[in-house]
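K.L.:
What follows is each chain in one-letter form.
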Amino acid sequence: EPEVTQTPSHQVTQMGQEVILRCVPISNHLYFYWYRQILGQKVEFLVSFYNNEISEKSEIFDDQFSVERPDGSNFTLKIRSTKLEDSAMYFCASRTGFTEAFFGQGTRLTVV
Amino acid sequence: RKEVEQDPGPFNVPEGATVAFNCTYSNSASQSFFWYRQDCRKEPKLLMSVYSSGNEDGRFTAQLNRASQYISLLIRDSKLSDSATYLCVVIPTGTYKYIFGTGTRLKVLA
Numbered sequence: 103e104p105e106v107t108q109t110p111s112h113q114v115t116q117m118g119q120e121v122i123l124r125c126v127p128i129s130n131h132l133y134f135y136w137y138r139q140i141l142g143q144k145v146e147f148l149v150s151f152y153n154n155e156i157s158e159k160s161e162i163f164d165d166q167f168s169v170e171r172p173d174g175s176n177f178t179l180k181i182r183s184t185k186l187e188d189s190a191m192y193f194c195a196s197r198t199g200f201t202e203a204f205f206g207q208g209t210r211l212t213v214v
Numbered sequence: 243r244k245e246v247e248q249d250p251g252p253f254n255v256p257e258g259a260t261v262a263f264n265c266t267y268s269n270s271a272s273q274s275f276f277w278y279r280q281d282c283r284k285e286p287k288l289l290m291s292v293y294s295s296g297n298e299d300g301r302f303t304a305q306l307n308r309a310s311q312y313i314s315l316l317i318r319d320s321k322l323s324d325s326a327t328y329l330c331v332v333i334p335t336g337t338y339k340y341i342f343g344t345g346t347r348l349k350v351l352a
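Protein chains in written order, with our numbering: chain A, 103 to 214; chain B, 243 to 352.
Because the hints were derived from the structure by calculation, they are not lab data. In this text the structure is predicted, and so the values were computed from the model without any measurement. C-beta: ideal position from N, C-alpha, C; glycine also. Wrong hints could be hidden among the right ones.
[To be verified] Heads up, incomplete: computed chain A residues facing chain B, CB under 7 Å, no partners named:
id	residue
1	Glu158
2	Lys159
3	Asp165
4	Gln207
5	Gly208
Isolated chain B (complex conformation) (with noise of 0.2 Å):
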């Protein structure tokens, strides 16, 4: 099992829809957990940590499940520059490591 796995997508949603990515770790220790988005050929800017107890920034609300071992991503009222991919991050336990999913790709469609 890899140890962050995420669906590639591509995710294509029209403009103003909401829309939500998962994201599985295999570490049931890990400790922290990040969501990063990158444009095309850019470097991965942090677009939220993930809180036990789940939160939200505008737009965006990450949860996070320890006992099914995924975090989610959610999206509304998508807006056409929301289209990038979006990386899941982890630092299981013993490391400082940042481990990074695939990359979920999302396009947003006027």
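Chain A extracted, bound-state conformation (with noise of 0.2 Å):
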């Protein structure tokens, strides 16, 4: 069964230090999201990707936040300089048409 995979599965990093998240989507996906979870909280959307280019962000996705579709496979999620607050569960994840999201299983990140 075709998944999204994410990877690492746990990035611990330094305040103030630039991150990649990398997601490979399912093959035959045309849209691209990224959401995150604080420990504890709900999921909340973050940006989504169609077409090589972004079609919504939320206000979390500030200027710290990139995304990029480098390759046609790869998805990735950047945080120019990360903080505390950053810290969270962050999942990909990948659809087709007007159908359910398929989800990665995660990479937690951890900001010390």
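Hints are included, so try docking the two chains, each in its own frame, into the full complex.
P.N.:
Here is the structure:
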């Protein structure tokens, strides 16, 4: 069964450092997403990506965040200068059409 | 009003019980609805899509009430393995983003 894969599963970084979270969406999917979930809180939308550009982004997704699909298979989320409050589980998701989204297993980001 | 609202629970039920969760959404023009399941520290996984006519998948039944802007999930004959957080998800019209509720935590007790 095809799945969304994310790497790494856990990343620890120092405050102010840049991190790149990686995702390989399901191959025939067209829409890609990043979500985050702070421990004990709800799953929050960050950004959606379609046709090689951002289609929507939330207030959380400020200038410190960027996304890229560099090679037609990977989908990355970069946080330029991490803050303590960026510590969360980050989920990548993909879908095709108006169907359900499939989520990767997540990257747990810990900023120290 | 929150975009998607759920009772956080927890709902503690004995094995074999029937349990129902509701979820309300604020955007009356919302177009797609889903129930996802999330185990502790894991990714959300699709449980079922919710269709206007209602739909059933084994022990699970989902209903949509557009007039009252709520969706429901009914679980019959609860199993220990049903213990999880159930997430209500809505796609508002004019957007591609999935909006999550806070989730309802279910504990099925032996």
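K.L.:
Now, for every hint given, state plainly whether the structure supports it.
P.N.:
Verification of the supplied hints:
1. Glu158: holds (6 Å)
2. Lys159: Hint on A/Lys159: violated, closest Cβ of chain B at ~9 Å, above 7 Å.
3. Asp165: A/Asp165 check fails; min Cβ-Cβ to chain B is 20 Å, beyond 7 Å.
4. Gln207: Since chain B brings a Cβ to about 5 Å from A/Gln207, closer than 7 Å, the hint holds.
5. Gly208: Interface hint status for A/Gly208: holds (5 Å vs cutoff 7 Å).
Hint violations for this structure: numbers 2 and 3, all remaining hints satisfied.
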